[in-house]
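Residues in the sequence shown are numbered from 478 upward in steps of one, following the working numbering.
Any given hint could be a false lead.
Derived Cβ-Cβ restraints for the label pairs, each shown as a range [claimed, not checked]: (1) Asn719 / Asp690: 22 to 28 Å; (2) Arg622 / Lys691: 22 to 28 Å; (3) Leu724 / Glu544: 25 to 31 Å; (4) Arg599 / His483: 16 to 22 Å; (5) Pro507 / Arg619: 14 to 20 Å; (6) Asn719 / Glu675: 20 to 26 Å; (7) Asp697 / Glu544: 46 to 52 Å; (8) His698 / Ser542: 25 to 31 Å; (9) Asp596 / Asp690: 37 to 43 Å; (10) Gly638 / Val721: 18 to 24 Å; (11) Asp722 / Ala508: 17 to 23 Å.
These are computed hints drawn from the structure, not numbers from a lab. Keep in mind it's a predicted model, so treat the numbers as computed, not measured. Glycine is no exception: its CB is placed at the ideal position from the N, C-alpha and C atoms.
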Amino acid sequence: MENLMHYGKYKQRSHETSRERHLVELENNPAQPSIVLLGDSMIERMITTGLSPSFDPWPSTTMISDETMAQQQPHASSAKPARSQGVLNAGVGGDKFENVIYRLTGSSDPSRPLGGLLDALRNRNVKLWVLHVGTNNLHPKRGLRDYDLALLRLIVEALLGMGGKILLVGLFRRKDINDELVVKANENYLELVRQFQEEESDRIEFLEPPLVDKDECLVDHVHLNEKGYQIWSEVLFGAVTNIVDDL
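Please model the entire structure based on the sequences and the hints provided.
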């Protein structure tokens, strides 16, 4: 933990959102979560654009309608298809790898102390960590640096140390960065996952994000609109369900 804390970086919104929302939600739901969505604005905006707040059945009907859900789960025994329960959304807009590390470890700075998510979740029996981060580390000319990928490895190692499985989600194409740099980043993510798998960790998988139409599915240069979240949710929920069902 001390080693990981060294790489964390304070950001006011990261600090405040973790302290005032995520840690409070965990206090109010002591028996949960079983699934943690961790990362940047692509995760956080599931709450606003996707109308899917923490600890509500996930994903919301805005993200996947009951009709679409029923088609995905034709053999569901209940009248209503099963959405995931006990899901914490721990996304923060603008977060880089360094800021996610900061939230995971917390801070002992006496001027702005912060409890860490890792400590808060240590005895919660989290089954699955869904990780989407790196959007804000992508450089428009260079993409991701080796240092960025080293930070991602540290995050993955910390989450593996908590138990449960990890679903590392690749980055979406966007309007302000060349597609080739996004593709290269996702190739690096996949290679990182393969390295962990070769080291005998079968507890991590990579999920390629769906190709979305950048004119129809983005609200700006990078963020998904409602249609974009609907497309992503079908792919993401299917992967999450497959992993959780195997546990």
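Quick rundown of the hints versus the structure:
A beta carbon spacing of about 26 Å between Asn719 and Asp690 agrees with the range 22 to 28 Å that was offered as a hint. Restraint check, Arg622 to Lys691: a C-beta distance of roughly 25 Å satisfies the suggested window 22 to 28 Å. As the Cβ distance of Leu724 to Glu544 is approximately 28 Å, the hint placing it in 25 to 31 Å holds. For Arg599 and His483, the hinted distance range of 16 to 22 Å is satisfied, since their beta carbons lie about 20 Å from each other.
Between Pro507 and Arg619 the C-beta distance comes to about 44 Å, which lies outside the given range of 14 to 20 Å. Evaluation of the 20 to 26 Å hint for Asn719 and Glu675 yields a pass: the beta carbon distance comes to about 22 Å. For the hinted restraint 46 to 52 Å between Asp697 and Glu544, the CB-CB distance of approximately 29 Å leaves it violated. Between His698 and Ser542 the Cβ separation comes to about 28 Å, which falls inside the hinted range of 25 to 31 Å.
The hinted range of 37 to 43 Å is satisfied by Asp596 and Asp690, whose Cβ atoms lie roughly 42 Å apart. In this structure, Gly638 and Val721 meet the distance hint of 18 to 24 Å, their C-beta atoms being roughly 20 Å apart. Between Asp722 and Ala508 the beta carbons are some 21 Å apart, a value that agrees with the proposed interval 17 to 23 Å.
The structure fails to meet hints 5 and 7 from the earlier list, while all remaining hints are met.
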